[in-house]
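*Asks:* The lines below spell out each chain.
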Amino acid sequence: AQSVTQLGSHVSVSEGALVLLRCNYSSSVPPYLFWYVQYPNQGLQLLLKYTSAATLVKGINGFEAEFKKSETSFHLTKPSAHMSDAAEYFCAVTTTGTASKLTFGTGTRLQVTL
Amino acid sequence: NAGVTQTPKFRVLKTGQSMTLLCAQDMNHEYMYWYRQDPGMGLRLIHYSVGEGTTAKGEVPDGYNVSRLKKQNFLLGLESAAPSQTSVYFCASGPYNEQFFGPGTRLTVL
Numbered sequence: 001a002q003s004v005t006q007l008g009s010h011v012s013v014s015e016g017a018l019v020l021l022r023c024n025y026s027s028s029v030p031p032y033l034f035w036y037v038q039y040p041n042q043g044l045q046l047l048l049k050y051t052s053a054a055t056l057v058k059g060i061n062g063f064e065a066e067f068k069k070s071e072t073s074f075h076l077t078k079p080s081a082h083m084s085d086a087a088e089y090f091c092a093v094t095t096t097g098t099a100s101k102l103t104f105g106t107g108t109r110l111q112v113t114l
Numbered sequence: 115n116a117g118v119t120q121t122p123k124f125r126v127l128k129t130g131q132s133m134t135l136l137c138a139q140d141m142n143h144e145y146m147y148w149y150r151q152d153p154g155m156g157l158r159l160i161h162y163s164v165g166e167g168t169t170a171k172g173e174v175p176d177g178y179n180v181s182r183l184k185k186q187n188f189l190l191g192l193e194s195a196a197p198s199q200t201s202v203y204f205c206a207s208g209p210y211n212e213q214f215f216g217p218g219t220r221l222t223v224l
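For the protein sequence lines, the chains are A and B, in the order given.
Position one of the first sequence corresponds to residue 1 (the numbering used here), numbered consecutively onward.
Position one of the second sequence corresponds to residue 115 (the numbering used here), numbered consecutively onward.
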C-alpha cells in the first residue's frame with residue numbers, strides 16, 4: 001500500500017521568502033513521486049516529478065524537490081516566493097504494478113503576503 | 115491537441131436523479147482515471163481503466179459506474195445521486211510518469 005502525508009494544510013510566507021512544503025510518503029516498493037499545483041477553480045498542473053533518476057528534481061516556476069529515501073520525504077521548495085505562487089499544492093505517489101494509480105496527499109494551501 | 119476535456123463543467127442535480135460525466139482525451143493514452151476532490155481530503159480515485167473495454171474500482175467506487183467503450187472516452191455515471199456526491203470531479207489520463215488532468219466538473223446534489 002502507498003500513502004502520502006502533507007504536513008500543514010495552510011502555509012503562509014512573505015513575498016521573497018523561502019517556500020517549503022512538506023511531503024512524506026509510505027511505500028513498500030520504490031516510489032514515483034509528484035507535485036501538482038492547483039490554482040483557484042482550475043485543474044491540476046504537474047510541477048515536477050521523481051521517477052528514479054536524479055534525486056534533486058527541478059520543475060516549473062522555479063520549484064524544486066529532493067527525494068530522500070532515508071527520510072521517506074519529497075519536500076517542495078522555492079527560494080523566493082512570488083504572489084503568483086498562491087495556490088494549493090498536492091503531493092502524490094504511485095508505484096509500478098498499481099496501474100499507475102496516484103495516491104494524493106490532502107494538499108497544502110500556500111498564501112503569499114506582501 | 116485539446117488534451118483532456120470534461121463535460122459538463124457544472125451541474126446541479128436533485129437527490130435521486132442520474133447523470134453521466136464525459137471525459138475525452140486525444141493523447142492515445144491507455145490509462146484513464148476518475149477522481150473526486152473534496153475539501154481537506156485531496157483527490158481520491160473513484161474508478162480507473164487500463165484500456166478500452168476494461169474498468170476497475172478505485173478507493174471510493176460506491177454509487178458510481180463507469181464505461182470505456184472507446185479508447186479516447188471514459189464515462190462516469192451516477193445512477194441515483196446523493197448529497198454526499200457533491201464534489202468536484204476530475205478525469206485524468208496518462209502513464210505512470212505523467213498524468214494529465216481535465217479542468218473538472220463541479221457537481222452539486224441538492
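Among the hints, erroneous ones may be present.
Residues from chain B that face chain A, not an exhaustive set, calculated with beta carbons under 7 Å [what the hints assert, rightly or not]:
#1 P153
#2 L157
#3 L159
#4 G165
#5 G167
#6 P175
#7 G177
#8 N211
#9 F215
#10 P217
#11 L221
Quick caveat, the hints were computed from the structure, so don't treat them as lab data.
Every residue, glycine too, gets a C-beta built ideally from N, C-alpha and C.
*Asks:* Take the hints in turn and mark each one as holding or not.
*Replies:* How the hints compare with the structure:
1. P153: violated (9 Å)
2. L157: Holds: closest Cβ of chain A sits about 4 Å from L157 (chain B), inside 7 Å.
3. L159: holds (6 Å)
4. G165: violated (10 Å)
5. G167: For G167 (chain B), the interface hint is violated, since the closest Cβ of chain A sits about 15 Å away, which is over 7 Å.
6. P175: Cβ of P175 (chain B) sits 12 Å from chain A, so the hint is violated.
7. G177: Violated - the Cβ of G177 (chain B) stays beyond 7 Å from chain A, reaching only about 19 Å at its closest.
8. N211: Check passed: Cβ of N211 (chain B) comes within 5 Å of chain A, closer than 7 Å.
9. F215: holds (4 Å)
10. P217: holds (5 Å)
11. L221: violated (14 Å)
Violated hints, in rising order: 1, 4, 5, 6, 7 and 11; the structure is consistent with all others.
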